[in-house]
Amino acid sequence: MSGPRSSAPQESGVTAAVELDTPLQRVVGKGHRKLATELDLHTVRDLLFHFPRRYEQRGSYTDIGSLEVDEQVTVQARVLSAKARPMRHRSGFVLEAVVSDDSGGTLTLVFFGKRPLGWLEKQLRPGRWGLFAGKVSDYRSGRGGAASAVRQLAHPKYELLDEPADDVAEDVAEDFASELIPIYPATKDVTSWELTKAVRAALDAVRLPPDPLPDRIRTDHRLTGLAAALHGIHRPASWEVLAPARRRLTWDEAFAVQLTLVQRRKQAEAWPAIPRPPRDGGLVDAFDAALPYRLTAGQREVGEQLAADLDRPHPMHRLLQGEVGSGKTVCAVRAALQVVDAGGQAALLAPTEVLAGQHLRSVTELLGPMGRAGELGGDPDGTQLALLTGSLPAAARRRVLAQVASGEAGIVVGTHALLYEGVEFHDLGLVIVDEQHRFGVEQRDALRAKAGQPPHVLVMTATPIPRTVAMTVYGDLTVSTLRELPRGRSPIATHVVAAAEQPALLARAWQRVREEVAGGHQVYVVCPRIGDFGEIGDEESAGAGAGGDDGRRPPLAVLDVAESLSAGPLDGLRVGVLHGRLPSDEKDAVMRAFAAGSLDVVVATTVVEVGLDVPNATMMVVLDADRFGVSQLHQLRGRVGRGTAPGLCLLVTEVPADAEARERLAAVASTLDGFRLAELDLEQRREGDVLGAAQSGRRSHLQL
Numbered sequence: 001m002s003g004p005r006s007s008a009p010q011e012s013g014v015t016a017a018v019e020l021d022t023p024l025q026r027v028v029g030k031g032h033r034k035l036a037t038e039l040d041l042h043t044v045r046d047l048l049f050h051f052p053r054r055y056e057q058r059g060s061y062t063d064i065g066s067l068e069v070d071e072q073v074t075v076q077a078r079v080l081s082a083k084a085r086p087m088r089h090r091s092g093f094v095l096e097a098v099v100s101d102d103s104g105g106t107l108t109l110v111f112f113g114k115r116p117l118g119w120l121e122k123q124l125r126p127g128r129w130g131l132f133a134g135k136v137s138d139y140r141s142g143r144g145g146a147a148s149a150v151r152q153l154a155h156p157k158y159e160l161l162d163e164p165a166d167d168v169a170e171d172v173a174e175d176f177a178s179e180l181i182p183i184y185p186a187t188k189d190v191t192s193w194e195l196t197k198a199v200r201a202a203l204d205a206v207r208l209p210p211d212p213l214p215d216r217i218r219t220d221h222r223l224t225g226l227a228a229a230l231h232g233i234h235r236p237a238s239w240e241v242l243a244p245a246r247r248r249l250t251w252d253e254a255f256a257v258q259l260t261l262v263q264r265r266k267q268a269e270a271w272p273a274i275p276r277p278p279r280d281g282g283l284v285d286a287f288d289a290a291l292p293y294r295l296t297a298g299q300r301e302v303g304e305q306l307a308a309d310l311d312r313p314h315p316m317h318r319l320l321q322g323e324v325g326s327g328k329t330v331c332a333v334r335a336a337l338q339v340v341d342a343g344g345q346a347a348l349l350a351p352t353e354v355l356a357g358q359h360l361r362s363v364t365e366l367l368g369p370m371g372r373a374g375e376l377g378g379d380p381d382g383t384q385l386a387l388l389t390g391s392l393p394a395a396a397r398r399r400v401l402a403q404v405a406s407g408e409a410g411i412v413v414g415t416h417a418l419l420y421e422g423v424e425f426h427d428l429g430l431v432i433v434d435e436q437h438r439f440g441v442e443q444r445d446a447l448r449a450k451a452g453q454p455p456h457v458l459v460m461t462a463t464p465i466p467r468t469v470a471m472t473v474y475g476d477l478t479v480s481t482l483r484e485l486p487r488g489r490s491p492i493a494t495h496v497v498a499a500a501e502q503p504a505l506l507a508r509a510w511q512r513v514r515e516e517v518a519g520g521h522q523v524y525v526v527c528p529r530i531g532d533f534g535e536i537g538d539e540e541s542a543g544a545g546a547g548g549d550d551g552r553r554p555p556l557a558v559l560d561v562a563e564s565l566s567a568g569p570l571d572g573l574r575v576g577v578l579h580g581r582l583p584s585d586e587k588d589a590v591m592r593a594f595a596a597g598s599l600d601v602v603v604a605t606t607v608v609e610v611g612l613d614v615p616n617a618t619m620m621v622v623l624d625a626d627r628f629g630v631s632q633l634h635q636l637r638g639r640v641g642r643g644t645a646p647g648l649c650l651l652v653t654e655v656p657a658d659a660e661a662r663e664r665l666a667a668v669a670s671t672l673d674g675f676r677l678a679e680l681d682l683e684q685r686r687e688g689d690v691l692g693a694a695q696s697g698r699r700s701h702l703q704l
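Numbering-wise (our numbering), the sequence shown opens with residue 1 and increments by one.
In case anyone wonders, no lab produced these hints; they're calculated from the structure.
Do not rely on the hints blindly, as some may be mistaken.
Stated by the list, open to error - Computed spacing ranges between beta-carbons, pair by pair: (1) Ala36 to Asp585: 47 to 57 Å; (2) Pro313 to Glu253: 50 to 60 Å; (3) His221 to Ser391: 49 to 59 Å; (4) His155 to Asp588: 49 to 59 Å; (5) His221 to Phe49: 15 to 25 Å; (6) Glu253 to Arg300: 38 to 48 Å; (7) His155 to Trp239: 25 to 35 Å.
Every residue, glycine too, gets a C-beta built ideally from N, C-alpha and C.
Make a model of the complete structure from these sequences and hints.
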């Protein structure tokens, strides 16, 4: 097995020059079908830019003890024992092998066959190292007394790393005897070592084009060449070879994304848009004069930025970020009035009907007579407001559609219903999107398409989400920031309640709820889901899924918790329920009752995350807080402490102290700075697909 390597595998039939865009069939033969179906790899370029997710050194630890049930894994481990035997209760044979990474964890491998498995027992001799790939499961063994959980891989694929069998191909033996072993993102049907063989064939055969980066740029940034980087990341002889390879390819990814987003922004800026210039003595001036307080310096600065953008013949694409209560809505209303002054309409898009209704009430209160043109007591020089949601009765919907189509309604507040066919604007000049992480990328694009020319777009968020942070870093959005502390806001204390470790703390939390109510205040209790497990309302889905499902009990539900609290620790208090599946009129009734003080406690989903403004609410208890993201927890916490009394937020969790989720909760408890939490959210949840539609997570064009 020490013969020279060929320049390309003979079985692939490679004769002509292989380029990056050459189909994989010419390089890997029949295996190309699995690569295309399982991993969407079709060309040599696709394969060579499918990078390893990690590397192993022969004999290094895999940390078997950290494996999760249902995880598809590739582990490097040493065989401790292997025993083949006939099955007890049916025909056939079974082999059980125990492997370990010497770090203390063990894993059982189970193989089944119709014929005796003695040949496999000889291969899996104790002391041999190998790569084993499969899906982790728990097998409940009753042998030796009480049942115990045994972590196992059933019928795993494997590759032995030392003393390879005589029938193992030479190229495989050389690959797996190398010092560093690449572990690729793989699937059940395509193992990491199959990818290694395919990559080897491609690297040996491909003729790479000249490096696209000029020598000067590579020199200035101390970057290795592309050919060396591709060989170094797939077949590194050492960690010292790997580091510069990863650095070059990471730089390429970041540079490509930056170029694409800047190009996208330049294209958007080149689109035509109708200028909406400010008008002296118009609605904006009347609005400012009627405000019972002076605009902050930050609001005035943001107002000037928005006014200048709206006056341009190209569409605004601006992000307005600021803490809860910092005055974003006032800035948005002033921008909307500038568009109305110029003869256009503004659409304010909210992710839920509850929030849309809250926005309508807030804007109506802010505008006063200016928002009731044509009504008794309304300002004849003002405009009309309209609310369009999916639950509007048919007659009311027809009336609102007519107002929108005629242009009578200068400011239209709505949900996804604004995207439906049949909703036509007279002259849509500004789209305001509230809390963009609750609203899909395609949905925002669909609303923009409703205008004859691209409208101006203003995105608002109280806590930048990972996608937003990444896009602002790369330049796809122009950013305005309100950093002043909200006026009149009281401090909010946040504490993590470890319910599993100290059950008495949870009992004390419910006692504290009663104390707050006795003091004349009100309380939120937030749960991840509504009721029946698996039936999650649209607006609640983000929270319920956070944190994953690792075999724990189902997330706590509003309907169950409300019933148990009313019959238990909160007996005698006025407890209401609020979630996304309630009819619109019932949701409004609950919100009005809570705002009026007719309810002491509202048990809710994340439907209260944004928009609900009850200054008398001083306490929030978030149950299963580990199932929520950092940004969601910060948004939820912003519902309390909105009056003169200090706020209290308790994050209740049952996850152990050493879990990553506890670190996330501790971070939320340690700061009220939403911008710092946004950075933490980016670090933990990643940026999402900044070139596509994924809002967060690792489904991304970016690998490194």
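Using the Cβ atoms, figure out if His155 sits within 49 to 59 Å of Asp588.
-> At 56 Å between Cβs, range holds.
Return holds or violated for the Cβ distance of His155 and Trp239 against the range 25 to 35 Å.
-> 34 Å, holds
Between Pro313 and Glu253, does the beta-carbon spacing fit 50 to 60 Å?
-> 35 Å, violated
Evaluate the given range 38 to 48 Å for the C-beta pair formed by Glu253 and Arg300.
-> Hint holds: Cβ distance 40 Å, inside 38 to 48 Å.
Kindly confirm whether 47 to 57 Å is satisfied by the beta carbon distance between Ala36 and Asp585.
-> 52 Å, holds
His221 and Phe49, beta-carbon distance inside 15 to 25 Å?
-> 20 Å, holds
Lying within 49 to 59 Å: is that true of the beta-carbon distance His221 to Ser391?
-> Distance hint for His221, Ser391 holds at roughly 56 Å.
This entry does not satisfy hint 2, going by the numbered hints stated previously; all others are met.
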